[in-house]
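Chemist: Note that the protein sequences, when read in sequence, are chains A and B. Take 1 as the starting number for the first sequence in full-length UniProt numbering and just add one per residue. Take 1 as the starting number for the second sequence in full-length UniProt numbering and just add one per residue.
In short, the hints are calculated from the structure, not lab data. Every residue gets a Cβ at the ideal spot worked out from N, C-alpha and C, and that includes glycine. Just to be clear, a hint being listed does not mean it is correct.
As the list claims (entries may be wrong) - Only some residues are given here: those of chain B computed to face chain A with a beta carbon under 7 Å:
# : residue
1 : N189
2 : L191
3 : L229
Unchecked claim - Pairwise CB distance ranges (calculated):
# : chain 1 : residue 1 : chain 2 : residue 2 : range
4 : A       : F58       : B       : G86       : 39 to 45 Å
5 : A       : K98       : B       : S159      : 49 to 55 Å
6 : B       : K275      : A       : S53       : 30 to 36 Å
7 : A       : S53       : B       : E58       : 33 to 39 Å
8 : A       : F58       : B       : L215      : 27 to 33 Å
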Amino acid sequence: MDKIPILRMGSFLLVTIQVDLYDRLALNLENDLVQMVYQTGARGVLIDISAVSIVDSFMGRILGNIASMTRVLDAETVVVGMQPAVAITLIELGLSLKGVHTALDVERGMALLQTQYGLHTQSADDDVDELE
Amino acid sequence: MASSIPQLLKANKERLLDLWVQKQVSSDVLRDDLISNEELRSQSEELVKALSKALTEETISQPDSMAFDEVFEILSGISIARAQQGFSASETGLYIFSLKDAIMDLLQQELSQDPTQLFTASQQINRLLDRFGVVTFETYIKGREEVILRQTDEISDISTPVIQIWEGVLALPIIGTLDSSRTQVVMENLLQKIVDTGSSIAILDISGVPAVDSLVAQHLIKTVSATRLMGAECIISGIRPEIAQTVVHLGIDLSNIVTKASLASALKHAFSMNKLIVKRLESDKKAF
């Protein structure tokens, strides 16, 4: 079974999707990611979809769900590197991914998370430390 | 009966061609600015050859017969070419009808002693050539439509340029009404340019949009949402007072989109978002 790796970077999680997602894979990712956010106490999730060229309504919904779920766990989700064709498809499908932050590339996505939630980074680490 | 009409025409192919070309050259509607006499002759010769090849005792009364496929093909080629060269519809039509004149003249000369056969022959030729005329018109219109379609594409391509007006700032002046197909082009161009230049701000300038109705607004909102999905911010500028009025009267919600009255103020906003300051170098160092 394919698995999308989730990398931890400080108080952020980095997910790079390098293959076109099929439904099962997307559901697994959602599951793993929520678990991971819970376990690590991450404050931000960065999903890089620059290699994704095909998207459907299911995938759009999964992205929206991930953002809502992580928000419940107090982490913001930034989707980066969306291809123009993917953006157009999502808009045509009527999915504007409300609540999902977007950035042009990983670098800018990181910067966005850091400037907006940088203040909380320290406290998140502290929380983790305290738990240990 | 002396000889059948197809045979007669075949035998007098050269004479017919001469007659026809002569008729065309002496005609008022000859466009020697668009086509040379040699070209006209070779075009006509090809057609007469194909026609005399296809014409038999059976096919003369069946204009839809398969035998005329080659003739129709040549005719279509000629009329599409003429449509693109800029001939008018009547000039193209008269071209084929002058062939009828030429055949009639020939028949009259050949069959002057036999009025009955002349009548039948001219009836058959009439029917056949009318059919040719219709085909010519049809393909001519098709040719014109192709020209118009091509021009429409070209216009929509050149009327939505995406310009990089500053590092990280794109501007997209929209001229003319936004319909679904143009929105698609605008969106594609804009999003591609965002990827290419790595710009984080796009300014959609609608000074050149004559009117904004709910459909146009919907297209604008779509474009803005798509830009947001890519991770760039979108500003709509160039909103004239009338447009502001219609937008409010129609109850269109633009509250979560940054809107500015002029391109200048949109640029200013873009600068402040990118944390840029533009300063005058002279004495009064007033930043704006």
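Chemist: Against each hint, give a clear statement of whether it holds in the structure.
Modeler: Here is what the structure says about each hint:
Because the smallest distance between the Cβ of B:N189 and any Cβ of chain A comes to about 9 Å, over 7 Å, the interface hint for this residue is violated. Given the 7 Å rule on beta carbons, the hint for B:L191 holds: about 3 Å separates it from the nearest Cβ of chain A. Given the 7 Å rule on beta carbons, the hint for B:L229 holds: about 4 Å separates it from the nearest Cβ of chain A. Between A:F58 and B:G86 the beta carbons are some 53 Å apart, a value that contradicts the proposed interval 39 to 45 Å.
Take A:K98 and B:S159: their Cβ atoms lie about 32 Å apart, and the range 49 to 55 Å is violated. As the Cβ distance of B:K275 to A:S53 is approximately 34 Å, the hint placing it in 30 to 36 Å holds. Separated by about 59 Å at the C-beta atoms, A:S53 and B:E58 break the suggested range of 33 to 39 Å. The hint said 27 to 33 Å for the Cβ distance between A:F58 and B:L215, and at roughly 29 Å that hint holds.
Against the hints set out earlier in the document, violations occur for numbers 1, 4, 5, 7.
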